[in-house]
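**Student:** Sequence:
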Amino acid sequence: MTVFHRNEKKQPLPPGLQGGVVAIGNFDGVHRGHRSVLARALSLSRDRNVPALVLTFEPHPRTVFRPDSPVCRLTPAPLKARLLEAMGFRCVIEYPFDREFSQRSAEEFVQTVLVDWLQASAVVTGFDFHFGKGREGGPAFLMSAGERLGFSVSLVDAFRDENAEVISSSRIRALLAEGDVVAAAGLLGYRYTVEAEVIGGEKLGRTLGYPTANMALPPETELKPGIYAVRFRAADGIVRDGVASYGRRPTVTEDGAPLLETYVFDFSGDLYGQTCSVSFFGRLRDELKFDGLDPLVEQIRRDGEEARALLSGVAPLGELDAKIAF
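Residue numbers (this note's numbering): 107 to 432.
Be aware that a few hints might be false.
Unchecked claim - Derived pair list, reagent style SDA-like, types lysine to any residue, alpha-carbon separation capped at 25 Å:
#	residue 1	residue 2
1	K330	A246
2	K330	T381
3	K395	R354
4	K330	G398
5	K429	L185
6	K330	V420
7	K330	P317
8	K239	D263
9	K330	H166
10	K330	L281
11	K330	L402
12	K395	F371
13	K429	V109
14	K429	A145
15	K239	E200
16	K239	P176
17	K330	C382
18	K239	E253
19	K239	R205
20	K239	D222
21	K239	G256
22	K239	H166
23	K395	E412
24	K330	G256
25	K239	E214
26	K239	E164
27	K429	L281
28	K239	S211
29	K429	R339
30	K330	S175
31	K330	D409
32	K330	P173
33	K239	R168
34	K429	G131
35	K330	G306
36	K239	L281
37	K330	S211
38	K395	A283
39	K330	A289
40	K395	V420
Think of the hints as simulated: they come from the structure by calculation, not from any bench.
Computed from a predicted structure; not experimentally measured.
All chains, full assembly: derive it from the sequences and hints.
**Tutor:** Below you can see the structure in the form of structure tokens.
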């Protein structure tokens, strides 16, 4: 998988990737709705025997326009790239998005990025995709530009779930804010997963007999605090069951910053400094403040038993889930 972080002026696209089918969008979450667009691009690339590429934007445009209210990312860029690779894409282009880029006209974007740099033979995007200064470029503009400049355009309608509701990233974020990781997984098509470096903590868990791998998630994370049954993937790729607490640890601190603490079952190795991932399978309970450490330890034991029972019967939701959480 090739991942480009630079724009076309600084880093030419290798000839083997030019002339491909380009899926355009932010694709935060790579959820089932996104995959209707992505699957169309993959199908076209196979029919034409050309590479399939994804053109996305970093950072998320909302973070640029509203820096005081950054968007909660369902999938950080590295995880999103791995999901797209697992689907079969040859390249992910993380195009730099800043205020200067947002002022480019729609015509300039099409000519300089899609035609001159990517030499796209086909473009696939959602039916409501808009681009260029003032969002002047829409579906009609893109289709007209394709006819003039020699690339086909496929617009994909919004994908709806079994209840005829549109699947969207904002809807998934709302479910995570409620702690409903099961419903979120149903819309994602895989278990909600976070990724971060394991950092040092106060080592209280080790003292209590339950050592944890601690991760500081982005402050804009909208996951509801609580205790979750999880699967933990270390840097070596091995996946182990565990139980995780996300929150401020009210029993041991008054004003702690939110932290994800995962007790990995049957593991005693050193994880410090490794970038690991945690996939969420079910929420067990709220975060509670206990009257002392003894009742906390007893509750951790019960949480572990409940998490083991929940995880013992899980099966992949699909191919992506099997690659991410199993």
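**Student:** Output the indices of the hints that this structure fails to meet, ascending.
**Tutor:** Hints 1, 24, 36, 37 and 40 contradicted; others consistent.
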